[in-house]
Amino acid sequence: MKLSHRIISRIRRLHWKEIIIDGAILVFALSILTVAGVFVWISTLDIPDLSAFEERRVLQSTKIYDRTGEIVLYDLGQDVRRTIVPFNEISHYLKNASIAIEDDQFYNHHGIRPRAILRAGLANFSQGDLLGGQGGSTITQQVIKNSVLQSEKTLTRKIKEAILAVKIERVLTKDEILSIYLNESPYGGTIYGVEEAAQAFFAKKASEVTLGEAAYLAALPQAPTYLSPYGSHREALDSRQKLVLERMKINGFITDEEYNEAVSTTTEFQPQAVTGIRAPHFVMFIREQLVEKFGEEALTGRGLRVITTLDWELQKEAERIVAEKGEINIDRFKANNAGLVATDPKTGDLLVMVGSRDYFAEDIDGNFNIATAERQPGSAIKPFAYAAAFSKGYLPNTIVYDVRTQFSPNCPPDSTSSESPCYSPNNYNNKFLGPISLRNALAQSLNIPAVKVLYLAGVRDTLKLAADMGLTTLNDPERYGLTLVLGGGEVKLVDMTYAYGVFGNEGVKAKPRSILRIEDNRGLVIEETQIESSRVMDRNVTLMISDVLSDNVARTPLWGANSLVNFPGKAVASKTGSTNNLRDAWLMGYSPSIAVGIWVGNNDNKPMGGGLSGLIVTPMWREFMDIALKKLDPENKDTFAQPEINLTGVKPIIAGQYVNLSTLQESLAASGNDNLDLSLIYDNIHSILHYVNKNDPHGPYPTNPGNDSHYENWEWAVQAWKVATFGEMKPPEVTPEEEPAAEEEEEDPPRRNRRNNND
2 MKLSHRIISR IRRLHWKEII IDGAILVFAL SILTVAGVFV WISTLDIPDL SAFEERRVLQ
62 STKIYDRTGE IVLYDLGQDV RRTIVPFNEI SHYLKNASIA IEDDQFYNHH GIRPRAILRA
122 GLANFSQGDL LGGQGGSTIT QQVIKNSVLQ SEKTLTRKIK EAILAVKIER VLTKDEILSI
182 YLNESPYGGT IYGVEEAAQA FFAKKASEVT LGEAAYLAAL PQAPTYLSPY GSHREALDSR
242 QKLVLERMKI NGFITDEEYN EAVSTTTEFQ PQAVTGIRAP HFVMFIREQL VEKFGEEALT
302 GRGLRVITTL DWELQKEAER IVAEKGEINI DRFKANNAGL VATDPKTGDL LVMVGSRDYF
362 AEDIDGNFNI ATAERQPGSA IKPFAYAAAF SKGYLPNTIV YDVRTQFSPN CPPDSTSSES
422 PCYSPNNYNN KFLGPISLRN ALAQSLNIPA VKVLYLAGVR DTLKLAADMG LTTLNDPERY
482 GLTLVLGGGE VKLVDMTYAY GVFGNEGVKA KPRSILRIED NRGLVIEETQ IESSRVMDRN
542 VTLMISDVLS DNVARTPLWG ANSLVNFPGK AVASKTGSTN NLRDAWLMGY SPSIAVGIWV
602 GNNDNKPMGG GLSGLIVTPM WREFMDIALK KLDPENKDTF AQPEINLTGV KPIIAGQYVN
662 LSTLQESLAA SGNDNLDLSL IYDNIHSILH YVNKNDPHGP YPTNPGNDSH YENWEWAVQA
722 WKVATFGEMK PPEVTPEEEP AAEEEEEDPP RRNRRNNND
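Quick note on my numbering: the sequence shown kicks off at 2 and runs consecutively.
Calculated directly from the structure, the hints in this document are not laboratory data.
One should not assume that every hint holds.
Beta-carbon label-pair distances, calculated as ranges [claimed, not checked]: (1) E533 <-> T557: 31 to 41 Å; (2) E363 <-> P608: 14 to 24 Å; (3) P478 <-> N431: 28 to 38 Å; (4) A362 <-> G524: 34 to 44 Å.
No more than 30 Å apart at the CA atoms, straight line, and that leaves these computed lysine-lysine pairs for DSSO-like [what the hints assert, rightly or not]: (5) K631 <-> K317; (6) K347 <-> K465; (7) K168 <-> K146; (8) K294 <-> K146; (9) K347 <-> K631; (10) K347 <-> K294; (11) K512 <-> K632; (12) K432 <-> K631; (13) K146 <-> K64; (14) K146 <-> K175; (15) K465 <-> K512; (16) K432 <-> K695.
Backbone N, C-alpha and C fix where the C-beta goes; we use that ideal spot for every residue, glycine too.
Work out the full structure: start from the sequences and follow the hints.
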């Protein structure tokens, strides 16, 4: 029996060995067939002859148009600049910097580096980082890519590129290949080659650039649009320049002393020179999108026809207004810059983008796009908190107390400090109005009620709503507290304009779009952007916000009855905002047809002066708004529907009564006394937290309001206001002459007891 088991076990072991051997043979055979198939496939590829290298590719430039498809905003190839210089007239810093960051084994390989290709592919797959270091292509491959092959990103092209790279290494020296690379690589916009780049960026010849300047130039070819020193990613360019210097030090191209000196030296770039361009900030905004979608090469070689959403007529007017009013603001308010964005709430189309008062102004770094920069919005963020509160059941009628309040439960209620951990903000006019409706509080931009509204709405819920509406930068709830509602976070003007457009579109968010369609060089549409919309907020909530922000009576105490934000007979809502020391001034406004946002300030964050934020931003906003409404709503058909507000069964403080009148009426009826007892009013004055659970304002009255951590401080502030306003209510003193007769007391003892209980 034991012998038979051993035999069977041996047979089984033999069986698995045979399976493994057979499997290995099969894998080997398949590998041979696969390799053979690849070689057969490669043999069928149409590999260009190296004679094509001398001829180079004839590139077709991409053109960017306005929404009509008739106005050329920019021809990306119209001013291509390329100056060829001999190899010995290029700085050795430039040569070594380019080798260090692009291909540090350039002088040791034969055109390709398989391991580098694999390493770069794995890095890009795992990290998605295109700017972190060397790519998979050698300098030789990049020369082939730039000079001979088409720009499509396919495996076929990569194989052709590798084959031709090996071929070209046999007919050209390494120095000749490096010379071609440096003379023909793209450095941003229409700049090709190190000579043009050195002249454009530093006003120097390629032979004269410093080590730091050479490192910047070497950093650019991998992503010249994204890393442009004139774009919005200067920090990324600075980081890559430092990486170039580190690679040069590691490879022995520079000493530690040279490295330290270059890192500590500030490099100054020349002002950007761009000609023949309309709506320059918008064009650069579009260019970045095209590069992200198609790559740098497509812009210079595919001859794309890009039809954008830009309304050229409105863009021209916006540029004129911002320039003219911006000049006035320089002297009157010490405000050197301004930006304006306009969108279509229904389609999500970006109609206007003015990123500065002058794109070519050197003194304000005019090519920097303030429309996409992150700035603090001040009170312009308040409507998002109010909308979140309305979504929970609070109403424009709801009463809160505009009284000096210490909002930190960790600080005494009578503290007026705002030093951490305390927080006791003030109103812009240093006044407090007592009980006030949310309608009047928002319309008059009062700070204390806004902070209370944010607490009632919840910071997280407010941030989620803001993100749903289009704000992309307030994405860390742990970073923000109650200061958020006074502008404690940073937002982008373009995002704010889209988000306000959601109010104008009754809670429906149209996905932002700036490109309508893209055609190839034969006129065939290769991509078309459709309108995509989704509801992100209850319609009635947005109607409440629009009703408040267009209520001229409610905002009159702040603006006056005949202000520039008042549009009699038109549906226009608006909200201003400013930050501490007046570093930023905003005006956001909308109608059902258009949303318009304006920012005024200084790029370097210096404070403005000489007036309130409304005086600074309103004139340019109003002038543009009048022009836009005349074009987009000539017959004045735009209207804001009235919100539905049902007060039946609603708690008095939610409905607009800061004293519970129903309780007073019940007390009077029970007492049988027709005379109003002022003590009943006095004893019924409380903060809103006395009557509501903040997350369920229409639910039961709190059994123990003190469970809310903010109750004690809010209530103390309200009681302090009550005493300051009405005095301290004391029970009247009773003299012997006024004492009632004993028989009268006996006739109705229950009444006296009830009266004493109410005292």
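Cross-check of the supplied hints:
1. A hinted range of 31 to 41 Å holds for the C-beta pair E533 and T557, which are about 40 Å apart.
2. Take E363 and P608: their Cβ atoms lie about 22 Å apart, and the range 14 to 24 Å holds.
3. Distance hint check: the CB atoms of P478 and N431 are about 31 Å apart, consistent with the given range 28 to 38 Å.
4. Taken as a hint, the range 34 to 44 Å holds for the pair A362 and G524, whose Cβ atoms sit roughly 38 Å apart.
5. Between K631 and K317 the alpha-carbon distance is near 15 Å, which keeps this suggested pair within the 30 Å criterion.
6. Between K347 and K465, the direct Cα distance comes to roughly 22 Å. Compliance with the 30 Å bound is thereby established for this hinted pair.
7. The hinted pair formed by K168 and K146 meets the criterion: a straight-line CA distance of about 14 Å does not exceed 30 Å.
8. The straight-line distance between the Cα atoms of K294 and K146 is roughly 18 Å, inside the 30 Å bound, and the hint therefore holds.
9. Our distance criterion of 30 Å between C-alpha atoms is met by K347 and K631, whose separation comes to about 18 Å.
10. A C-alpha spacing of about 25 Å is found between K347 and K294, which places the hinted pair at or below 30 Å, so the restraint holds.
11. For a cut-off of 30 Å, the pair hint linking K512 to K632 stands: about 23 Å separates their Cα positions.
12. With a CA separation close to 39 Å, the supplied pair K432 and K631 exceeds the 30 Å bound.
13. For a cut-off of 30 Å, the pair hint linking K146 to K64 stands: about 22 Å separates their Cα positions.
14. Among the hinted pairs, K146 with K175 is consistent with the structure: their alpha-carbon atoms are about 17 Å apart, no more than 30 Å.
15. Between K465 and K512, the direct Cα distance comes to roughly 17 Å. Compliance with the 30 Å bound is thereby established for this hinted pair.
16. Taking the CA atoms of K432 and K695, the gap is about 26 Å. The hint holds against a cut of 30 Å.
Violation of the numbered hints given earlier is confined to hint 12; every other hint is satisfied by the structure.
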